[in-house]
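K.L.:
If you read the sequences in order, they're chains A and B. Counting in the working numbering, the first sequence runs from 1 upward without gaps. Counting in the working numbering, the second sequence runs from 1 upward without gaps.
Everything labelled a hint here was simulated from the structure, so no lab data went into it. Bear in mind that the values here come from a model prediction, so they are computed numbers and not experimental data. We treat Cβ as the ideally placed atom computed from N, Cα and C, and that holds for glycine. Be aware that one or more of the hints could be misleading.
What follows is a set of in silico ranges between Cβ atoms, one per label pair, in the way DEER data are often shown [what the hints assert, rightly or not]:
| id | chain 1 | residue 1 | chain 2 | residue 2 | range |
| --- | --- | --- | --- | --- | --- |
| 1 | B | Gly347 | A | Gly65 | 47 to 53 Å |
| 2 | A | Val87 | B | Gly389 | 40 to 46 Å |
| 3 | B | Ile402 | A | Leu50 | 47 to 53 Å |
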Amino acid sequence: MSKDAPERVVDDPNVAMQDSPEFAQLRSKFRKFVFPLTALFLAWYFLYVLLSVFAKDFMGTRVIGNVTWGLILGLLQFVSTFTITMVYARWADRVFDPEAEALARKMGGQQ
Amino acid sequence: MSALLTSAPSLVPSFAPAATTVGNPAINIGIFALFVVVTLAIVIRASRNNRSAAEYYAGGRAFTGRQNGIAIAGDYLSAASFLGIAGAIAINGYDGFLYSIGFLVAWLVALLLVAELLRNVGKYTMADVLSFRLRQRPVRIAAAISTLVVSFFYLLAQMAGAGGLVALLLGIEGALGQRLVIVVVGIIMIFYVIYGGMKGTTWVQIIKAVLLIIGAAIMTVWVLGKFGLNLSSLLGEATTASQDAGGKDLLQPGLQYKNPVDFISLSMALVLGTAGLPHVLMRFYTVPTSREARRSVVWAIWLIGIFYLFTLVLGFGAADLVGAKEIKNAPGGVNSAAPLLAFELGGEILLGIISAVAFATILAVVAGLTITASASLSHDIYNTVVKGGKATPEEEVKVARIAALVLGAIAIVGGIFALGQNIAFLVALAFAIAASANLPTILYSLFWKRFNTRGALWSIYGGLVSAITLIVFSPVVSGKAIDKVTGKSPSMLQGVDFHWFPLDNPGIISIPLGFVLGYIGTVTSKEYNAAKYAEMEVRSLTGHGAETATHH
Chain A
1 MSKDAPERVV DDPNVAMQDS PEFAQLRSKF RKFVFPLTAL FLAWYFLYVL LSVFAKDFMG
61 TRVIGNVTWG LILGLLQFVS TFTITMVYAR WADRVFDPEA EALARKMGGQ Q
Chain B
1 MSALLTSAPS LVPSFAPAAT TVGNPAINIG IFALFVVVTL AIVIRASRNN RSAAEYYAGG
61 RAFTGRQNGI AIAGDYLSAA SFLGIAGAIA INGYDGFLYS IGFLVAWLVA LLLVAELLRN
121 VGKYTMADVL SFRLRQRPVR IAAAISTLVV SFFYLLAQMA GAGGLVALLL GIEGALGQRL
181 VIVVVGIIMI FYVIYGGMKG TTWVQIIKAV LLIIGAAIMT VWVLGKFGLN LSSLLGEATT
241 ASQDAGGKDL LQPGLQYKNP VDFISLSMAL VLGTAGLPHV LMRFYTVPTS REARRSVVWA
301 IWLIGIFYLF TLVLGFGAAD LVGAKEIKNA PGGVNSAAPL LAFELGGEIL LGIISAVAFA
361 TILAVVAGLT ITASASLSHD IYNTVVKGGK ATPEEEVKVA RIAALVLGAI AIVGGIFALG
421 QNIAFLVALA FAIAASANLP TILYSLFWKR FNTRGALWSI YGGLVSAITL IVFSPVVSGK
481 AIDKVTGKSP SMLQGVDFHW FPLDNPGIIS IPLGFVLGYI GTVTSKEYNA AKYAEMEVRS
541 LTGHGAETAT HH
C-alpha cells in the first residue's frame, strides 16, 4: 500500500481513489450518460401511458390501413427501447469500460 | 408476468374445475414428461459440484452474458406473460398490448442504473448491496423481509395458476386431482432447486426460454402467413370478428382499463418494479463480470421485446381465428387464447407442445423464486443475523437447501389453499412492493453519498407496509360490485366491503412514499461511513474488488 502518495496522505486506498480527479471524472461521465437517458425514456413512456388513457380518440385513430396511432407509438416504444439498449451497450463497451478498467488496474497495484 | 392478471382479475381463478379439455391430454402429458426428464438429466449433469456457496447461489458466476440473458427471459416470461398477455390482447385488444410495453421498458432501468453496479458490489443477494455501507444487521433483516414477501407473493400466484392451468391442459378434473398436480409441480421444483442450485435452475430457465420463444415464433409466422404477412389485414379481420360477435373495436384504448389513475398507478409499478425484483437481481450474480451483466440485460431486452411482439400477433390472431366467445367460454377463460390458437393452427401436436411449454414455464419461474428466497433466508438471516457472519459456506448451503425444502412445502400448501381463489393481485402487489421498498433503497445506496441506515429502513419498511396496507383496503380484496354474469364479486373476498382506497394498485402512492421516506430518514440521521462508501462506490464503477468466477 503506497501511503506516501505525494499530495494526499490517506491510509485507505478506496478513499484515495474516490477523492482522485480521475475517479470524479469517471463518475461524472457515467452519470452524465445514464441519468439524462433514464429521464428521457421514462418521460417518453409516461407520455405514451398518459396519451393512452387521456387521448383515447387520437390513439384509436387509424393511420395506415388498420394500424392506429396507439399501435404506432406503442411499436415506437419497442424501437426506442432497443435503440437505447444498443446505444448504451456500445458506449459502455467502448468508452466507459476501458477507463473503468484502467482505474481498477491502478487500484490493484495499490493493494 | 402474471401482474397482467391484476386488472383482469378473472384470469387465474377462472381455471377452476375444468369441465372439458382441448386436444389430447396424453400427448400433453407425454411432451411435458419429456421436458421434465430432459431437464432433470441436465440438472443432474450440471450440478455435480454444488458444494461451495458461490456454486449453489450463483452458479459459480460462470454463465456467459448470453446464457444469463436467455435465462433472465426464461425467468421473466412467466406463463401469464405468454398466456395472459395473448389472451388480454385477444379480448381487450390494444389495452392488452399496453401492458407488455411497461414490462419491456422496465428493463432499461435495470440496464442503465442497476445491473452492472449491483453485480460489482454484491455477492449473492439483494441485501448484500443494500447493507454494504450501512449497519449490516437491521438493513439485512429489512431487505430479507422484503425479498421474502415479494418472492412469496409471486410464488403463491404462480402455484395457484399452475394448478388450474395444468389441470386444464392435462384434463385433470376435480379438486383432488388439481391438488395432486400442485404437489407434483412443487416436488419437481424442489428437486431442481435443492439438487441443481442456481446452476440447475438457470439451465431449466434457459431450456424453457428457448422452447417458449421458438414455439411463439412458429405460431406467429403461421398466423401472419394466414393473413398474407399483412399486419393491417390481421388487425382488420380481428376487429371485424370481435365486432361481429357483439364486442367492441379492439384497436380502441380503454376496453380493459376504465380508471385512468389506476392504470397510471399500475404503469408506475410495472416500469419501476422490475429492477427491484429480488429474483431478477440475483440473476446478475451468475456472470463473471459487470460487462457480462450488461450483456445479459441486452440479450434479455431483445428476447423479451421480440417475444412481446409475437404476443401482439398471437393475440389478434386468436381474436380472429378462435374468436372472443369461444375463448371466454373455454375452461381456462382468457388464458386459453394461446392454447386454443395452437390447436386451431396445428392440432393436437402443436397444442401439446405449447401446453408443455406453459407447464415448463411455471416450473422454471417457481424454481427461480424459491432459490432467491432460500438464499436470502440462509445468507442474510441465518449467516449474518443468527451466526454473526461466521457460518461456513457449507453450513450456509445446507441451510439454504433446508430453506428451499421448507419454502417449497409452504408453496405447495399455499398453492392448494389458493386454488380457485382470486389471488392474482399478489403479483401486481409484488411489483408494487419491489418498486416502493426495494428500488428507492437500491438507487439511493448506489448513487447518494449521504444515504444511511435510517433512510434505508424507513424506505424499505415504509414502502412495504404502505403497499400492503393499501392493497388490503383496495377493491381487489373487498367491495367490487357483483358481476352479473358470474354472480360473484371480482374482489378476493365475497360479501364484505371494507375498502377505502379507490385504486387496484398502490404504486402511485407507495412508490413516491418509499422515495420520500428514504430521503427524510437519511437527512435526519448523521450516520456516514466514509471508508465503506468509498469502497462501495469505487467497486461499483470500476469493478475493483468485485467477486470473480469460481474455477475448478
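K.L.:
Please go over all the hints and tell whether each is borne out by the structure.
P.N.:
Each hint, compared with the structure:
Between Gly347 of chain B and Gly65 of chain A the Cβ separation comes to about 31 Å, which falls outside the hinted range of 47 to 53 Å. Between Val87 of chain A and Gly389 of chain B, the C-beta spacing of about 41 Å keeps the proposed range 40 to 46 Å intact. In this structure the hint that Ile402 of chain B and Leu50 of chain A lie 47 to 53 Å apart at CB holds, the actual value being about 49 Å.
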